[in-house]
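The lines below spell out each chain.
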Amino acid sequence: MRKVDRVDLLAGLLVLATGVYFAVGALEYRMGTITRMGPGFVPFWLGVIAALLGAVIAATALGRAGRLPEFAWRASGSVLGAILAFGVLLPLFGLLTAAFAASAISMTGNPAAGKRLILLTSAAITLICWTVFIATLGLPIPVWEMPF
Amino acid sequence: MDVWANIVIGFDTALSPTNLIYCLLGVSLGTFFGMLPGIGSLAAVSMLLPITFYLEPTTALVMLAGVYYGAEYGGSTSSILLNLPGTPSNAVTCLDGYPMSQQGRAGVALFSTTIASFIGGTLGVIALYLLAPLIVRWALAFGPAEYFAIMLFGLVAAATVTQDAPAKGLAMVVLGMLLGTVGADITSGVPRFHFGFFELRDGINFIALAMGLFGVSEIILSIAQSVDKPFIQKVTLRSMVPTRDEVRRSVMPVFRGAGIGGFFGALPGTGPSIATFIGYAIEKRLSSTPERFGKGAIEGIVSPESANNAAVQAAFIPTMTLGIPGSATMAVMMGALLIHGIQPGPQLMNQNPDIFWGLAASFWIGNLLLLILNIPLIGLWVRMLKIPYGVLYPAVICFICIGVYTVRTSTFDVFLVLFFGLMGYVLRLLRFELAPILIGFILGPMVEENFKRAMLIYRGDFGEIMGRPISGTLLAMTAALLVWTFWSVMRARRREIRREARWADD
Amino acid sequence: MNGRMTSALAVTAGLALAGTAHAQEDFPQQPVTIVVPFSPGGSNDIVARQLGQQLQELWGEPVVIENRPGGGATIGSAYLAEQDPDGYTLMIASVTFTMNAAVQSELPYDSREDFTPIALIGQVPLVIGARPDIPAETPQELITYLQESDEPLSYGATGVGSIQHFAGELFNQAAGTEVQVIQYPGGAPAMTDVMGGHIEYSIGSMTQMKPQIDEGNIKGIAVTSLERSDAMPDLPTLAESGLEDFEVIQWWAILGPDGMDQALVDEINEDINQVLSSDAFTEFLAADGGTPRPMSAQETADFMTRNFDRWAQVAEEAGIREE
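Those protein sequences? They're chains R, Z and L, same order as listed.
Using our numbering, the first residue of the first sequence is number 1, and each one after it goes up by one.
Using our numbering, the first residue of the second sequence is number 149, and each one after it goes up by one.
Using our numbering, the first residue of the third sequence is number 655, and each one after it goes up by one.
These are calculated hints, taken from the structure and not from any lab test.
Backbone N, C-alpha and C fix where the C-beta goes; we use that ideal spot for every residue, glycine too.
Fair warning: there could be bad hints in the mix.
To give an idea of the chain L side of the interface with chain Z (calculated C-beta under 7 Å), a few residues [to be verified]:
1) I700
2) R722
3) G724
4) V814
5) Q837
6) M849
7) Q916
8) A917
Kindly generate the complete structure, drawing on both the sequences and the hints.
Right, here's the structure in full:
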């Protein structure tokens, strides 16, 4: 099999695809003239440049070996899940619930963290958030809501 | 012009006990909130603005100014310790500050940035006192053509900073510029790439982008590796003190940084971030060992920090004397003045000299307070890294979410953090550098806007842009920079080929 | 102290009268929120804060100012449209609100139907400010210069469909000139380019223009209201300078969500008008050349309808739209 640096190949293809996406998307907007550039002008040419750069990156990946690094499913899932939970829960249940949930979910990404530690830490973090943002700053954030 | 009289008026106002106390309060609050991830100087100033409504105008402004540079300073602390830039201008500090931190040299990094910030701030205040009236006249000569040229120069200078894999670095700059096109195009009003979201019509929120790309991806990478060991083992006073060699290498970058910061800060419509990018780019170019940059080079943090603080001070010049804010944070500060019934503008210096010069003096006092406050506290901040990461990161995530939410009371930006966090993680796995994205994101739209404006004003005649003295010179410098970069890349490659050839001979 | 007693009395009265038609007279019973669909520090924000503070003194209940910026006021407006029409969530809107309706094709709400106009607050004229070295002193000289110059001419505005853009295109139509619009992200940068002589003029808010004109950085040419402004009495109006009926003014109004009870609307309207007639509020607006314009709720609704119609027509004729 030929040698391919999979990291740079994938990287190049990703940039290429992004460039094409923006360039094609920009076609929906008016290009305009050089004096009166329309909204599509700059994104179109930036997209073209990105696509070219992507092609160059992918081309340089050929001929040398390289393996893809591992995607950390558990770490990324817990962190991104925590942010998702915060965004969904805040308007429904308020800050206390959202902060507690975000903290607890994010900690499941740490294999060493036991239930006790997760609960205690999340409670402490929730308290800190409340003290700083609500009690001290009085920010207009819903604190405790009951939607049902 | 009686500079001395102005200094006397200024310090007389600034040294009143009330103003001193609120200056201290502002600086402390600013540092504290600036350190919280997800809260940059803009958010910190906006959050604390309502508190100042009941204060005297000068006192209110003194406090808010303290919050502003306190937050900028605090942002550099969290950039160094946690790779979390709270403001665009802190993004560059991450490049070398965070590696220093990982090498157990966080104390040195914090100590040097504190000193560099103070020197930069002091020089900025001196510029404010001596040059404010002059700079105003001179800055007006900058029209769209000149701004286009200077922004392009900044973009090229910053884009060529990453040289390890030029195509990948450039690709990230362009990606940043593409992200910058999201939102309403000012010239036509057309909302571009908004994917049906009204929230995206104003463009992507910088804080959400920076927190996602840098902060969230960093957290994922860290916990994927190992969670329980703290970054560093011991914090001693010794680990705070830079080596003699580091001090020697820092001196010139600090002064160059202050000069660059003073220049860009004084231009209305540029703001401190471009100054930090250029400060970093110049140091990397002037260095005889550019390969150390990005791996913990002290020049890479002191120059941008000095530039940042000098620019923050100098940015008060166009804000106060022309009524033209140089950055979003400055716009909020100006709003604060307006709420207190003070109209910033050319007449402010004459009609309210106590306010104008009092503020200028309190800027310097605030910088001094920052220094006094933070040197003893560095040990404490560094000790924060001894908190087991497994407990620290959930708190960081909560702070990011809350901080981003409060900027415009919307959970939409929280979901943006999620998206950019995933994007940042994937890009890092693919060995991309992320800082160029932010640079492209900030400078790209400015280049586009000013280019369009210049082309409209001169009816499409690019020769007119090149023919104007300031923009012409800047464009020539940009071209020279491109040629130089290309040449040095080629030379490096030739050397590499020669080396490989020699091995082949053996 | 007094405020708390009044509200305590109001609570008692409210209990006694609960269920009767006069129940609304006890408004408000809890804090009232005024949404500002812009960032802190802008003119809408400053006006809303002054109004809010005086209403708070009148009502004895806190009035909270909530900034929900974004999308040129569309995010805050969309938020208001979704709130309960109980009077506890209000919003400040300006002339831009009626201009957006004319220019933006896909708003997430119906600007005419989804809101209840409650009260007009006040108005302030715009000022034509020209670059300091322009060879013209009066509106007529400016128009002659613009008509006869061979140079490419430009004026500054703050976005497609902004009040400055509408004013500029109306001026082009009325004066028979073809000055090119250049869009800026805000009034201040547009003004800087006028000061630097990079563009010919900008039609901006009096708040921003006055200090620059006083200092000689910008040449004041005219005001855009039908009558001269007390703040700058030397500036002629365009209407008196040959451009008949030329009027573009900035105004602010208080809106609620659609479906508010008429008695409640009238009550809030009366309270706001009481604030508008106070010396404190008049002086506050006068500092920037503005005047209060108390109106009944119905007059406010008619006023807004006329604005919707007029800007839709101007946008059509001048081709102002998001392309």
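Against which earlier hints does the structure fall short, listed by number upward? When the structure is compared with the hints, numbers 7, 8 turn out to be violated.
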